[in-house]
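Chain by chain, the residues:
There are 2 protein chains.
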Amino acid sequence: MNIEQYMIDLGQQARAASRQLLRADTNMKNSALLAIAELIEAQAETLQAENAKDLQAGKENGLDAAMLDRLALTDGVIAGMAEGLRQIAGLQDPVGEISDMSFRPSGIQVGKMRVPLGVVGIIYESRPNVTVDAAALCLKSGNAAILRGGSEAKFSNQALAKCIAAGLEKAGLPATAVQVLETTDREAVGHLIAMPEYVDVIIPRGGKGLIERISQGARVPVIKHLDGICHVYIDVDANEQKALDVAFNAKTHRYGVCNAMETLLVAESRAQEILPKLAELYATKEVELRGCEKTCAIIDAKAATEDDWATEYLAPILSIRVVTDVDAAMDHIAQFSSGHTESIITENFSTSRRFLAEVDSSSVMVNASTRFADGFEYGLGAEIGISTDKFHARGPVGLEGLTSQKYIVLGDGTIRK
Amino acid sequence: MNIEQYMIDLGQQARAASRQLLRADTNMKNSALLAIAELIEAQAETLQAENAKDLQAGKENGLDAAMLDRLALTDGVIAGMAEGLRQIAGLQDPVGEISDMSFRPSGIQVGKMRVPLGVVGIIYESRPNVTVDAAALCLKSGNAAILRGGSEAKFSNQALAKCIAAGLEKAGLPATAVQVLETTDREAVGHLIAMPEYVDVIIPRGGKGLIERISQGARVPVIKHLDGICHVYIDVDANEQKALDVAFNAKTHRYGVCNAMETLLVAESRAQEILPKLAELYATKEVELRGCEKTCAIIDAKAATEDDWATEYLAPILSIRVVTDVDAAMDHIAQFSSGHTESIITENFSTSRRFLAEVDSSSVMVNASTRFADGFEYGLGAEIGISTDKFHARGPVGLEGLTSQKYIVLGDGTIRK
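Just so you know, the protein sequences line up as chains A and B, in that order.
Using the UniProt record's numbering, read the first sequence as starting at 1 and increasing by one per residue.
Using the UniProt record's numbering, read the second sequence as starting at 1 and increasing by one per residue.
The hints are simulated quantities; they were obtained by calculation from the structure and are not laboratory data.
There may be inaccurate statements among the hints.
Given that identical chains are not distinguished, each listed pair holds provided it fits within a single copy or across any two copies.
What the hints assert, rightly or not - Subject to a maximum C-alpha distance of 25 Å in a straight line, what follows is the list of computed SDA-like cross-link-like pairs (lysine to any residue):
no. : residue 1 : residue 2
1   : Lys417    : Glu182
2   : Lys112    : Gln335
3   : Lys162    : His332
4   : Lys242    : Arg416
5   : Lys112    : Lys406
6   : Lys406    : His392
7   : Lys112    : Ala65
8   : Lys406    : Gly381
9   : Lys170    : Asn239
10  : Lys208    : Asn129
11  : Lys112    : Gly381
With the sequences and hints as input, model every part of the structure.
As structure tokens, then:
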């Protein structure tokens, strides 16, 4: 197999399919999504037989229990994929939305139309259900997709790809609107991220190593997030109960997620009162505390090192720093945050306004848990990832993040004088 | 001078200034813009003395008359810069705009806030007035700017930089909010476009060679447009007079601009009627016509080669192709357009809807001249460039294109269940 030529073919087919998708109305796209859901349910046995090959290989290659768990297409996962497809079919179609049409003195009427990005390349790791989820989001937003799953899931992904292709054709759409790479050779990824003529954006979904590698090599825009080093700052004017509730929830609701709090900042004037109560709460969950000098003088905690402020633990570990005020808190955040999500606990109106305006992260919150930073919680109805970039999409990326706006101009033979 | 260290210093200062700009309200930014306008007017003589050095060097280096003309800070250019600053001060401030705030079942209230991108790097060629224009747009949109002008204008740019710095300080803003490179060494550009930790976006303004070089080497997002190969398609259902008016205006209103028509497409059933009349009009302006075989059978034109369809003439030259219908026209556009601006001339409602939805360019028009694709004509009040990319900003880029939106979440001690 000549991988370069294979990728060029894929790219050309995707580009051609993306033009056909511009002609597909909402009904056609929804019909395809519903047809894929039915096919996945009808072919559950086949899918699970293919999945068994991946699971067998995974065991032989020594994948750990957690990885095998993510890889498994259980009845529940299959039902979940079908349900997800039906939910996405139910979402409002962002494509074609026209806004801000206004007349100009020259006589033209100008505004914006929301349009697909074109061709989206998605590179992801072991979970095979991402294949269906990513295909559905791209299709609904009118984009052709090129999907590259992990080698651990290759049989499962190819079986799912067949359901997707059959569903697309049933709805009268080109099967090439969603293409799943048949090779898991790394060289293919190298081409995929460097074909701006065929691919408009790359979305890597996976660990930090994968995302860094993709970002370094990409010759097309990348929607990515590297780290989730999220902060909660308990302000001078915080309500104690709200501070305890949010600081506990943001750390302990789930540990291995990007929107969990990793560093707690506490205003010096409130530390003596609040830290001991928080330490008691965290002890019930066996959260390891690492504190600055002032923190360690108040509660029992390990001494935090400079590295702690820059670490995404994804674990029951929390670093705590006592700061003088909101300015010091925002300085700390500017230095160490990954730009994902930060929350302030305060009853002070003006302090909250400053925090909202001056903290440069994709989600900025007042009196709310960082755990809310999520496409479903925000009402997007779906999420393809969370962007910590500032360009294009920022924060949870739903259907709208997979679209762009072009200008449209209507006239009556109008010419420029 | 250690250029790498110099650029890192510049970048760190810009990043710090961008944080201070997040704290600057609209009044402070407008005060700075008005102060800069006054300083430029008051120091016209100094500016022209410095400009004379550039003009003298330009003559010695053999710059042609057109380039010297662009370089000159005449009284008119100085008045224009001051006027431009006052206009930008008068525009609505996009920063801080909050939209779509809605309550979710969880109890949080979520929406979006418009925020600056952060630090904008702008690389441009000889016109020194771009220094002021770019600084003003970045400042109003709350971004710190690093500007790198052409070596031909180095004395003029440094003199303007002093006015800008003084105006910023007068308004209580950091002088480092706008930094003009003191070196025109190419190595500096190499660093500027590869410092994602300090620079959020690069905007190259200049010839295609410059833009391609920047795009190839950039490690940060680039807002760019390479070519303006714009099309007008005269449809089967075109009104003859509108077709003649728009096709004539789009080509002959100005030649050296990116939104001029370069290729005319004509539906076969209308070619016999319309082409001779158009040829007569173009003859009055001595526009050279290059046609496909069918065109040459109807009017007197040179035979067009395949290269003609892919060429931005920026000159009184027009390529003409007879096509069967709107589908063939859109196929031609998909193959050869640079994604800038295309217009259809038609009275057919359904054909116009298809053209608007299916043509993948930054501006798509019906019965209007491509010459309208311009930030001022669209009512943006200013324009830093026209983007032919699909990601982030598309089409004319005004203040809004220099901003992004982050999510804001308001709660009442709200936690995720």
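Hints and how they fare:
1. Lys417 / Glu182: neither (56 Å within a copy, 41 Å between copies)
2. Lys112 / Gln335: Classified as between: cross-chain Cα gap 24 Å, same-chain 37 Å, threshold 25 Å.
3. Lys162 / His332: Answer is neither: 50 Å inside a copy and 33 Å across each miss the 25 Å cutoff.
4. Lys242 / Arg416: between (60 Å within a copy, 13 Å between copies)
5. Lys112 / Lys406: both (6 Å within a copy, 21 Å between copies)
6. Lys406 / His392: Classified as both: same-chain Cα gap 14 Å, cross-chain 11 Å, threshold 25 Å.
7. Lys112 / Ala65: neither (50 Å within a copy, 40 Å between copies)
8. Lys406 / Gly381: both (24 Å within a copy, 18 Å between copies)
9. Lys170 / Asn239: neither (57 Å within a copy, 40 Å between copies)
10. Lys208 / Asn129: Within one copy, since 20 Å is at most 25 Å while 44 Å is not.
11. Lys112 / Gly381: both (23 Å within a copy, 16 Å between copies)
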